[in-house]
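Undergrad: Listed in order, the protein sequences are those of chains A and B.
Each residue of the first sequence is one higher than the last, beginning at 1 in our numbering.
Each residue of the second sequence is one higher than the last, beginning at 1001 in our numbering.
Everything labelled a hint here was simulated from the structure, so no lab data went into it.
Where is the CB? At the ideal position from N, CA and C, for every residue including glycine.
Treat the hints loosely; a few may be bogus.
[As the list claims (entries may be wrong)] Simulated DEER-style distance windows between Cβ atoms:
#, chain 1, residue 1, chain 2, residue 2, range
1, A, HIS214, B, ALA1291, 30 to 38 Å
2, B, GLN1167, A, SER243, 53 to 61 Å
3, A, PRO48, B, ALA1284, 26 to 34 Å
4, B, VAL1218, A, LEU292, 37 to 45 Å
5, A, HIS214, B, ASP1184, 19 to 27 Å
6, A, GLY94, B, SER1158, 29 to 37 Å
7, A, GLY276, B, ASP1184, 47 to 55 Å
8, B, GLU1287, A, LEU292, 49 to 57 Å
9, B, ALA1284, A, ARG165, 30 to 38 Å
10, B, ALA1284, A, GLU211, 21 to 29 Å
11, B, TRP1236, A, ALA255, 53 to 61 Å
12, A, SER78, B, ALA1284, 32 to 40 Å
13, A, ASP127, B, LEU1343, 32 to 40 Å
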Amino acid sequence: MTEIHDEFVWKQKHLVGLDELSAGEITYILDTAESFREVSTRSIKKVPALRGKVVGLLFFEDSTRTRMSFELAASRLSADTVLFTSKGSSVTKGETTLDTVRNIEAMGVDIFVVRHGSSGAPHMLADKVSASIINAGDGSHEHPTQALLDIFTIRRRLGTVAGLRVAIVGDIAHSRVARSNIIGLRKLGAEVVVVGPPTLVPAAITAMGCEISHSLDDVLAEVDVINMLRIQFERFGSNLFPSVREYSRLYGLDAERLHKCKKNVLIMHPGPINRGVEITSEVADGPNNCILQQVSNGLAVRMAVLYLVSQAAE
Amino acid sequence: MNDILIQNGRVIDPASGADEIADITIAKGKIVKVGKAAGKAKEVIDATGRIVCPGLIDIHVHCREPGHEEEETIATAVAGAVAGGFTTICAMPNTHPPLDNETAVQYVLQRGAEAGLSRVLPVGCITKAREGAELSEMGMMLEAGAVAFSDDGDGVASTAVMYRALQYAGMLDVALMQHCQDPDLAGGAMNSGAVAVRLGMRGIAAAGEELMLQRDLVLAERTGARYHVQHVSAAWSVELIRQARARGVRVTAEAAPHHLLLTDAACAGFDPVYKVNPPLRRAADVEAVRAGVADGTIDCLATDHAPQSVEEKELEFALAPFGMISLECAVGLYAKAMIDTGLLDWPDLITKMTVNPAAVIRGPSRPAAGTGPGSLAVGAEADVTIIDPKKRWTVRTEKFRSKSRNCPYEGWKLKGKPVATIVGGQVKYSD
Chain A
1 MTEIHDEFVW KQKHLVGLDE LSAGEITYIL DTAESFREVS TRSIKKVPAL RGKVVGLLFF
61 EDSTRTRMSF ELAASRLSAD TVLFTSKGSS VTKGETTLDT VRNIEAMGVD IFVVRHGSSG
121 APHMLADKVS ASIINAGDGS HEHPTQALLD IFTIRRRLGT VAGLRVAIVG DIAHSRVARS
181 NIIGLRKLGA EVVVVGPPTL VPAAITAMGC EISHSLDDVL AEVDVINMLR IQFERFGSNL
241 FPSVREYSRL YGLDAERLHK CKKNVLIMHP GPINRGVEIT SEVADGPNNC ILQQVSNGLA
301 VRMAVLYLVS QAAE
Chain B
1001 MNDILIQNGR VIDPASGADE IADITIAKGK IVKVGKAAGK AKEVIDATGR IVCPGLIDIH
1061 VHCREPGHEE EETIATAVAG AVAGGFTTIC AMPNTHPPLD NETAVQYVLQ RGAEAGLSRV
1121 LPVGCITKAR EGAELSEMGM MLEAGAVAFS DDGDGVASTA VMYRALQYAG MLDVALMQHC
1181 QDPDLAGGAM NSGAVAVRLG MRGIAAAGEE LMLQRDLVLA ERTGARYHVQ HVSAAWSVEL
1241 IRQARARGVR VTAEAAPHHL LLTDAACAGF DPVYKVNPPL RRAADVEAVR AGVADGTIDC
1301 LATDHAPQSV EEKELEFALA PFGMISLECA VGLYAKAMID TGLLDWPDLI TKMTVNPAAV
1361 IRGPSRPAAG TGPGSLAVGA EADVTIIDPK KRWTVRTEKF RSKSRNCPYE GWKLKGKPVA
1421 TIVGGQVKYS D
């Protein structure tokens, strides 16, 4: 799979965020993921690329689909996996995150996949441990593999990324998916408009190179992609929006709104979906959606990332 | 025979306005003469090319004792203080237990005396246990030797409590020092703004500082009490203080080295050494704080030296504690921010580390401004700092006397360094 790009030498030992990658590196991951996609279509869905390597899955925060996706990706590359899960902060647990990771590293782990509730935790670990670190979501900061699979899906469905206009709708303030998407899409030449009320869309987000709209209706006709973020119900108490029904009225994507969009608009959602809140079933399951493709593509993207960082570490 | 003769230095005494080449004669712990040497002395210090000024005063230091002696003790704090040129430090009361009663105040004074380096003057709590609910025994603490009151680490949230505290402190003619932060707008890890948004980090809005400050200025104006703003960090705060000062409100204010030199951009690498409260803010805020120091709106410089253990500063940014240390490199940092930039000259800078902070902590039982600490008045305790304004040096935290290493200035190249520190007529540090 590397022969098509033999002029490009992958040098990143870690993938802590898309902020740290160049446009060329992002494209290289996407291209590598294309070749791994084919593995999933084989009857024997396994390649020996990471045979003898150990991938440690460290989930300091709940996750089902990202964890399964990484676990499956590692196993398709023939790596062994160890899993660590922990709820609550390291402080309440009595052992620091760094000590936990150093302990597991001593078992001979080559690559850590880290999900953590604190922004920057994977960056801290990348500085202090010798294994490769792949960020599987840190606080409200980045979720690089989610953005990579989103961009991969856009590229497959629409043929290109550069020049597209992408709307990301919802709780931008607390969304690592939004941040990684903004960074990745901007680097690849797409325009991004983030949509939501000011309580969920910090004004300073424009410093990341995106535009802000508080009206979903205003942007519908002009965008090529709409990425609907999941709304977190626990945000209620903090006065970030008045009620689910008001949120749904203002920012929910239903058939009527879909009708105002470009005919081939791509509807994305990182899951899990709150049906009837940010997106209605007829839109979520309609012809414009690519929600399940995002999930399948995630596997190929994560295989590519695991493979590339392991190459750089050698 | 005199004890010490400091010869041929540039003597800067802001209290008297003196700025001249002169000798200072010290005997029996007091300043005997400023001018030509008054006879022979046991020890002669050649101060040619150096600044000789009143002993520097840092009114904002966390000594961590009692309670967190693994981070700092009073003994290690004063060792660092004299190395930084400070002859007096004020110990903040957010210890464990907090300094909210006369026994605790006496304990700090005693530990300071035992260490025998810089003077340690305790700041007592405004409220019992720093809980913001009931006034602490300010009168008794003042008698025991407290020099001001603060719930530093937190602001006094209740308007009613702060109003009463100012009325009461007004009677005692003592300053209340406030850490301005509306608790409703706290809870973040760094400054609210573009950097926090990009990093996905919960922010601390400058509005939280400005709102409490604005409220307090109204209360200070109504009560006529002395009010001191700790570690001013936001541009609008500087303007609020400027306006209040113009109206005649008895307000003083301090700026910390980090708010004069660092911005929130430093947090981008998630290194908790840059996590401090109030947080590092925007470049525009740094500029405004500098301007406030330059025009006298902010009349004091104070480090907010806040030692934290290595273990705690190795946590995730959001979980790590606030605080950074700078006692041992403060003079060079202030010079970098204010003198190297041409905003102030040495006499003005020294004013903000001597006579001005001395005025904030002066009390009824302490010498009047210009005659005691913070001055070179004849008859005053001989607290003297000698600074080499041209000395270029590099900050090496491994050499710090502090127990902690949470210093963001490692490797910084600075110009200007204290080379001798004399407390009560005894040389406590010389480089």
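Undergrad: Okay, which hints does this one fail, numbers in order?
TA: 2, 3, 4, 7, 11, 12
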